[in-house]
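Visitor: One-letter residues, chain by chain:
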Amino acid sequence: MEQAFDILFQTSFWVAAIRIASPLIFATMGELICERAGVLNLGIEGIMTVGAFAGWFTVYSGGDLWTGVLVAALAGACFGLLHATLTVPLGLSQHVVGIGITLFATSLTYFTYRLALPEVTTPPKIVPFQPLPIPGLSSIPVLGQALFSQTALTYLAFASVAIVAWVLYRTPVGLALRAVGENPAAVEAQGISVTGMRIGAVVVGSALMAVGGAFLTMSAFNSFFFEMINGRGWICIALVVFGSWRPGKALIGAILFAAFDAYQVRLQQLSGGVVPYQLFLMMPYALSILALILVARRATYPKALMIPYQKGER
Amino acid sequence: MTNALPEPDAGPQADAGATPVLRLGSITKRFGPLVANDAISFELRKGEVIALLGENGAGKTTLMNILFGHYVADEGSVEVMGKPLAAGDPRAALDAGIGMVHQHFTLAESMTVLENIALGTQSAWKPRFDRSAARQRIARLSADFGLALDPDAPITSLSVGERQRVEILKALYRDARILILDEPTAVLTPSETDALFGTLKLLVGQGLSIIFISHKLHEVMAVSDRVLVLRAGRLVAERKTAGSSRSELAALMVGQEVASPTVAEPKPGPVVFELKGVSTQGQGNAARLDGVSLALRAGEITGLAGVSGNGQATLAALMAGTLSPASGEMAIRAQAISDWSPRAALVHGIGRIPEDRHAFGTIGDMSVTENVISERYRTPRFSRYGFLDWKAARAFAEAIVRDYDVKCPSPEARIRLLSGGNMQKLILGRALDPDPAIILANQPTRGLDVGAVSFVHRRLLEARDRGAAILLISEDLEEILALSDQIIVMSKGRLSTPSKRGQRSIRELGELMAGQGDSADAA
Amino acid sequence: MRLEPKPAPSLGVTLLFPVMAIAATLVVAALLVLAAGASPFSVFPLIVKGAAGSQFAILETLTRATPLIFTGLAVAVAFRARLWNIGAEAQLYIGGVVTVVLGTGALPLPAIVLIPLIMFASMAAGALLLAGPAVLKTRFGVDEVVTTLLLNFIVILFVSMLLEGVLKDPMGLGWPQSQRVVADAQLPRIIQGKRLHLGFAIAVVAALVTWVVMKKTVLGYEMRAVGHNIGAARFAGIPVNRVLMKTALLSGGLAALAGFSEVAGLKGNLTLDLSPGYGYTGIVVAMLAMLNPLGVIAAAIFVAAIFVGSDAMSRSAGVPSYIAQVMVATALLTMVTALLLTRYRIRWK
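Chains as they are written, first to last, in this note's numbering: chain F, 704 to 1017; chain A, 24 to 546; chain Y, 195 to 543.
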């Protein structure tokens, strides 16, 4: 029992928590941007898969890490554009299109992987992002290692939260984005194209999601394998709700969740096989459902979420 | 209607030879087979107030949407200050100085006044939103035009009149020289309407030109220099307001003699629906009910007057069954009601015509037949052992279509394809067919042309003569006055004492609507 | 750009756009085939041959279509009421679990009693599984998309746990698999010696029953009303929450039958790879069928043909068999677009 509590003080625990949180942070910010503009993007799981493969494959083919990140973002943006084209001007069901995009993106990724590496049984590894300790800050006990001894991509994840928050609340384009999710008619009446804003939001958001996927192959697991996203995309959708569509709260949610995930792994090791490991693995998903239930009553979602917009009155 | 108003201007202030501020040339717009605007041309001069008069469906809003860039005209041109205006581009319209106060406000409710006004006014590529500059400008405009507002107030906290002020400020903030107001007084009390007309005077004094869209004759007479009459998409007349009479304009607007329905003397029977001291939660944006008492008698039409947002939607929801009282008693035919739901309301014989025929009255993608049985599909007439009798349903639909003059391609057509008037007639038929003892008619003629309005009024009067107790909720005070045997005013969730037909003057009703005068019955 | 509703379209138009959707899918597939270094003109015939070029192929296609009919029906029923059941995968597995729990000898009953009993129990389990997210939706307003999705992961982990624990086959040489179901619990083969089993017939019957329910019954009407406009349905007095719960029970039950059918009819036992994503593919089947239960039969066979044909083609032509999933997902997106275009005209002004 005491050992279970001790885990919370181990440096390695917090380091793992922040590392696990990083892809979630990118993807949650991406989904947050989409939903704030009024579009539910259920393609997130597929787009993360695309990003994971695109980034890894770029490096595997000889590119450098940051080029890989860029390629992943572009790939994500393309699928985001496809999603947006079907849901925004055509107004197709965001649920159906989202699932369709996930299926399409995932299967296309697997097809391309098999095409590129036909005989491979163990997925080849690449040299991932290396930890980049920030001098001075990284010497703080426990938190110093956890927060300031991570890879550049993790720092980028945290930076993305700050950037998203700044853009959303302090720039004219962020103001327009928030308004588009609340009342598109208000935005159209001020001379801004609702379609343009929503497509832009989904494209940018999808790029972020793809970078989240790329993190897994370029900073966590170092190689690409099937089913590697493993439901993280869906968890990010829950995190957006849990964070009340606000970047800061969503960041806290992601870190809490990642901490829990890191915790259950260590708890598993402690229990030494007495409790089936599957029960531990179930806990993150169950926790997400629980978080959704707790927040559901008070959820202040963007009013125009999932409602397609038709130009002109009546 | 309004008693203390400044007289209309004698004429436009600029000399007649100057370039018109706005010129529309032969604007035509079609939606499929429907010609919404048919070769409409007119000019607007600087400092002028012109009224665009026409009944619902005449094409006024379509025309203004073209002007503002929401739609693109099929033919014709628009010139602002002599320069052609790019079509289909609200931004171009805004830059050219056209501002529009839409009939349904275009405000983001959870955001503040400042955010709504400044939305879209600063370049999207700016890294920082200049809040203080916006704040200063809003303060100056507020002071100059007497439109006092707190820039940091969220829209949800504002009254309807205040929200309209935000819409006007939005236009002024963008240096509008032409202001279009689409049915601006539909949601205002008489005193708020006076205040609006005063504001318009100020704006004209500052050199703005105004287009005022309305179907209310008295307002058009009160505020405009010229009147343009639209009928069925065509501009049928252009008159100087000073030289016209109400009846002349009415005839032009409608194009035919429409007799007011003759209302027989009411013979009120026993109380069939009663509320005693009922309070509820609010319904959406509507206020909650606060210790409300109401008695509807058989064979009597009770008109509920009031500006929307004061609790009408909540009272309607209560009667329709979608809301239950939080406290107080509700009784039907002297039996207290404990278990309430839309189903229960139907079982107790309440016929309901909802306010929003698209959101609640019909299921757009289902057929006319499927819609017409939506309240009675469980009865033995239409279903047995869990199976539906589509033959009986279709026969019923055909009967309603016939008896209520509903124009539809076939009973299997999707109801979405029907026009507003025909949809409303179908809903009326569905509600009145079982000869209900109690009828809730919530804005029953909103958005309908004069023919359909007259039809609906006639049927309601017939139902009342057959002994139904009717609650008529309407924002149109004229409709209330024409049909009601007794009138109650709703304000801030409370009801006034009822008055019989002719008992209260319009000014007294206006005061009650604005929240002054005698207040609600004691709880 | 605006969308303008078209009046009731002719049959020709109603079919034109779906045909164009399939054509678009074939174009995408052709591009992928070219990327793989093969020729579409040789690959496509191989797919067709693999799916229907012999009695074996046809039977294999129908066998593969069986679980897809069940999950397609489950999704079609749910989506009609706008209940986004993305958890058909979990419901399928639960059906398999119940089949194995009851069918591996625990109940010494003759087949005529045992098989219906197991069917019913499986359906109940699937129904209850979807009832959870349905209650969360109606009571707490929690979006069922995410809850059903997350449940998929939880249930598959649960099955893994059972297969390594209480359900583990002691004769299984350590592999995580369950015992085989007894002879009385097995669905007989339709043709002796071939893989096509009674499950296919049950699926077709289920589709017919579902069609009758959707078109002719009060429940079907209520489901459709709730799916089109829940506010208007509620206003009209339709008991919306009860309808959603009934929809969930029906949908979950149908998906669970897929699991039952695969275990009792095809595989004989439960393993973790019982379903290669039938629950998700069922979504595509349902959309291709335009949520019509009879259409689900055709769509399921069509999708199964693509998978079976691609497997066979992949073995000889070397194009990765994932092309089948890409085709199916593309068909979903193009079909949904085509459906819109049959009902609405695009106006560029």
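Hints were generated in silico from the structure; no laboratory data involved. Among the hints, a few may not be true.
What the hints assert, rightly or not - Using C-beta positions, here's what the derived DEER-type ranges look like:
{"hint": "1", "chain 1": "A", "residue 1": "Asp167", "chain 2": "F", "residue 2": "Lys1006", "range": "26 to 34 angstroms"}
{"hint": "2", "chain 1": "A", "residue 1": "Phe410", "chain 2": "Y", "residue 2": "Leu322", "range": "22 to 30 angstroms"}
{"hint": "3", "chain 1": "F", "residue 1": "Gly951", "chain 2": "Y", "residue 2": "Thr536", "range": "57 to 65 angstroms"}
{"hint": "4", "chain 1": "F", "residue 1": "Ser715", "chain 2": "Y", "residue 2": "Leu322", "range": "40 to 48 angstroms"}
{"hint": "5", "chain 1": "Y", "residue 1": "Leu205", "chain 2": "A", "residue 2": "Ala418", "range": "44 to 52 angstroms"}
{"hint": "6", "chain 1": "A", "residue 1": "Ser180", "chain 2": "Y", "residue 2": "Leu402", "range": "53 to 61 angstroms"}
{"hint": "7", "chain 1": "Y", "residue 1": "Leu466", "chain 2": "F", "residue 2": "Thr714", "range": "31 to 39 angstroms"}
Here the structure is a predicted model, which is why all the values come from computation and not from measurement. Backbone N, C-alpha and C fix where the C-beta goes; we use that ideal spot for every residue, glycine too.
Visitor: Against each hint, give a clear statement of whether it holds in the structure.
Guide: Right, here's what the structure says about each hint:
1. A:Asp167 - F:Lys1006: 26 to 34 angstroms: 33 angstroms, holds
2. A:Phe410 - Y:Leu322: 22 to 30 angstroms: Holds - the Cβ-Cβ distance for Phe410 of chain A and Leu322 of chain Y, about 27 angstroms, lies within 22 to 30 angstroms.
3. F:Gly951 - Y:Thr536: 57 to 65 angstroms: 46 angstroms, violated
4. F:Ser715 - Y:Leu322: 40 to 48 angstroms: 41 angstroms, holds
5. Y:Leu205 - A:Ala418: 44 to 52 angstroms: 26 angstroms, violated
6. A:Ser180 - Y:Leu402: 53 to 61 angstroms: 57 angstroms, holds
7. Y:Leu466 - F:Thr714: 31 to 39 angstroms: Hint holds: Cβ distance 36 angstroms, inside 31 to 39 angstroms.
Against the hints set out earlier in the document, violations occur for numbers 3 and 5.
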